[in-house]
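Peer 1: Here is how the chains run, residue by residue.
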Amino acid sequence: MQHNITIKAGGSEKDYWKDLWLNRQLLLILSKRDISVRYKQTLLGVAWSVLRPLMTMTVMVFVFSYLAKIKSDPGIPYPLMVLSGLTIWTFFANTFTQISNSILINSNLVSKVYFPRLLMPLSSIAVGLVDFLITFGIFLLLTAFFQHPLSVNLIYLPFFVLLTFVTALGFGLFFAVLNVRFRDIGQLIPFMVQVGMYACPVAYSSTLAQGTWFEKYYNLNPLVGIIDGFRWCLLGDKAYFNPDSLYSTAIISTTVLILSLIYFRKKENSFVDHI
Amino acid sequence: MSVIVAENISKKYIIDHQKKSGSSSLKDIVSEKFDGMFKSKDGSNSTKEEFWALKDVNFSIEQGDRIGIVGHNGAGKSTLLKILSRITEPSTGEIRIQGRIASLLEVGTGFHPELTGRENIFLNGAILGMAKREIKQSFDAIVDFAGVEKFLDTPVKRYSSGMYVRLGFAIAAHLNPEILIVDEVLAVGDTEFQKKCLGKMRDVSESGRTLLFVSHNLTAIQALCNRAFYFEKGRLIDQGDTTHIVTNYLSKVSHKTLEKHWDHIHDAPGNDEVRIKSFKVTPEYQDNLSHIDVRTPVDFEFEFWNMVEGANLNLSMHVYTFTGECIFNVGTTSQPFGQGIVKGVCRLPGNFLNDGSYVVSMMIVKDTSTVLYNMEEALVFDIEDYRENVTWYGKWPGYIRPQLDFSIQQSEHIVND
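Chains as they are written, first to last, in the working numbering: chain A, 1 to 275; chain B, 1 to 417.
Looking at chain A on its own, in the form it has when it is part of the complex (with noise of 0.2 Å):
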């Protein structure tokens, strides 16, 4: 097979995705790279990932449930809905902030080695998504143990998987492009984190917004409609969604990622002089 490569100011746009793809082994090298990292030197190694949801499920139920008396959507256990809303917004929140932070925590590769710089963002899913995995496995115990049947919404759950990812990567993107320049945006991202947490409803039914003069700006956030569905998914229609809010998070999330590929596109190559 023959090799030909152009190098021009503004780079090579026509062979990049089929680089990316010739490059996917090298994905998943560098997703197991991560994952197997991940818990190395640590005495409990993957026994975190089980404790970290359940320990914050605990906290949230007590002072959620037991200290502000916040009440859960009719006929669910209020901690299978907090489960629930924390396993996909910790998805979301895993994700979004790797993605953020790949292109810095790679610097070495970006300065030393040619590969589609994508490649990186892509590759810091894979610890999110096993997160995700785990937590999802817990919940599914618990949903047992409160005898909560689980409902056929299931079949809808890989789609509200995929809008999380959808959207991670078009925040995370943007920041990842940001944060090679300016390096305020790491400080920004935890906060933005923390503040998210509440802003979505993750301890709280969006009933709550329900009526509200904001109610129209709160839908607007993407992240109302998939934590909603998701938790229908899994709860079934007991669970509060309004599937007009989806429409939103559609159109929001996927307008952000094309734009933030366009403009991980543009900068990627320059990525270099700013590190």
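For the record, the hints were derived by calculation from the structure and aren't laboratory data. Quick caveat: nothing in here was measured; it's all calculated off a predicted structure. A few of these clues could be false.
To be verified - In silico lysine to any residue, SDA-like type, Cα no more than 25 Å apart, as pairs:
id	chain 1	residue 1	chain 2	residue 2
1	B	K132	A	V130
2	B	K132	A	V37
3	B	K12	A	F264
4	B	K200	B	E62
5	B	K55	A	N269
6	B	K233	A	H274
7	A	K266	B	I14
8	A	K238	A	L150
9	A	K32	B	D140
For chain A, the structure is supplied; the task is to place chain B on it using the hints.
Peer 2: Leaving out everything else, chain B in the frame of chain A:
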């Protein structure tokens, strides 16, 4: 067939004089924009400066060429390699490359300290562009070349630096690209390993593949390359036959520096703890000559201001050949000094170094461990050839030319009856 054709390649960097670190923060940009509103555009206090790391570079490389790239630090060699490796893009110009290209700008790129040697072979191989199948095929050869069989399942953070480098190079050596780009990786590793590497690179070039090689080691370039590029200040100023280019380069850079001194402490190089006052070579000329030859004893005299009372200091001097190989390193003992001028003298006896050009570096070391200041490539001096009662005029081999007790005598006579 030309495998690489470069036309008008330039690379511009914007240097920001105010900033200390490479990356700017959002605040800087905002405040800059804000300042800009109140200042004229062509304000004289502009802090940005354009810097052309490469300027209008044109060349073409044929298949099977082994190109050595020489030039001073900052001449643009590494920038060129980075552009060819597609790590950064040129500001102007175009390069057309035919064939699979692999570049080795660093040994062990992407090694993860927590992963084992085995895992890192696959990781690094994939990063360098090898398919999993290819890595599996050459796995045993890689392990063998690096000599790390016993430590395959040990995390590389426990490796010695030598093992780390060997493993890194072994992986790269088993790449099978049509074009191989190598940057100064021989600077690390011991002599035996360097030989191995050079051998491997020669194999690469003899199999008809194309090689681009940057090194300060001119001996290696001469041994390996058939053509050379000479870069100066971002421009490709000369190219052609390796010997011709290397000679040209040496003649241009061989500025003898026998003495350096600073009269005032404020403009002297150094830091808050020490500042250099002077460093010079003082030969004890023989036969009323005014040049140093192999017989001439030489004193290196070094003076510096010590600004910390009671600092425990010692000096460490390195002597290199002109092609960058270290011949020896010699140090003083460490002892406490008061504030003021400290002087060190090292005597290099006659009949010790062979003829050639030598480069001297001097380090000031605190507590026998911390390098306070390293005065790199501070002095350059030549040693001329001198021979007595010899009717052979070839280049005397070796780095040193000691006069040792070496006698020859008749130990037995054959008596013919």
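Peer 1: For each hint, tell me whether it holds in the structure or not.
Peer 2: Status of each hint after checking the structure:
At roughly 23 Å between alpha-carbon atoms, K132(B) and V130(A) fall within 25 Å of each other, so this suggested pair holds. This hinted pair checks out: K132(B) and V37(A) have alpha carbons roughly 20 Å apart, not beyond 25 Å. Between K12(B) and F264(A), the direct Cα distance comes to roughly 21 Å. Compliance with the 25 Å bound is thereby established for this hinted pair. Straight-line distance between C-alpha atoms of K200(B) and E62(B) comes to about 21 Å, which keeps the hinted pair within the 25 Å bound.
Our distance criterion of 25 Å between C-alpha atoms is met by K55(B) and N269(A), whose separation comes to about 19 Å. Among the hinted pairs, K233(B) with H274(A) is consistent with the structure: their alpha-carbon atoms are about 22 Å apart, no more than 25 Å. This hinted pair checks out: K266(A) and I14(B) have alpha carbons roughly 19 Å apart, not beyond 25 Å. Between K238(A) and L150(A) the CA atoms are separated by roughly 12 Å; this keeps the pair inside 25 Å, and the hint holds.
Distance restraint check for K32(A) and D140(B): the Cα-Cα separation of roughly 22 Å lies within the 25 Å cut-off, and the hinted pair is therefore satisfied.
Against the hints set out earlier in the document, no violation occurs for any number.
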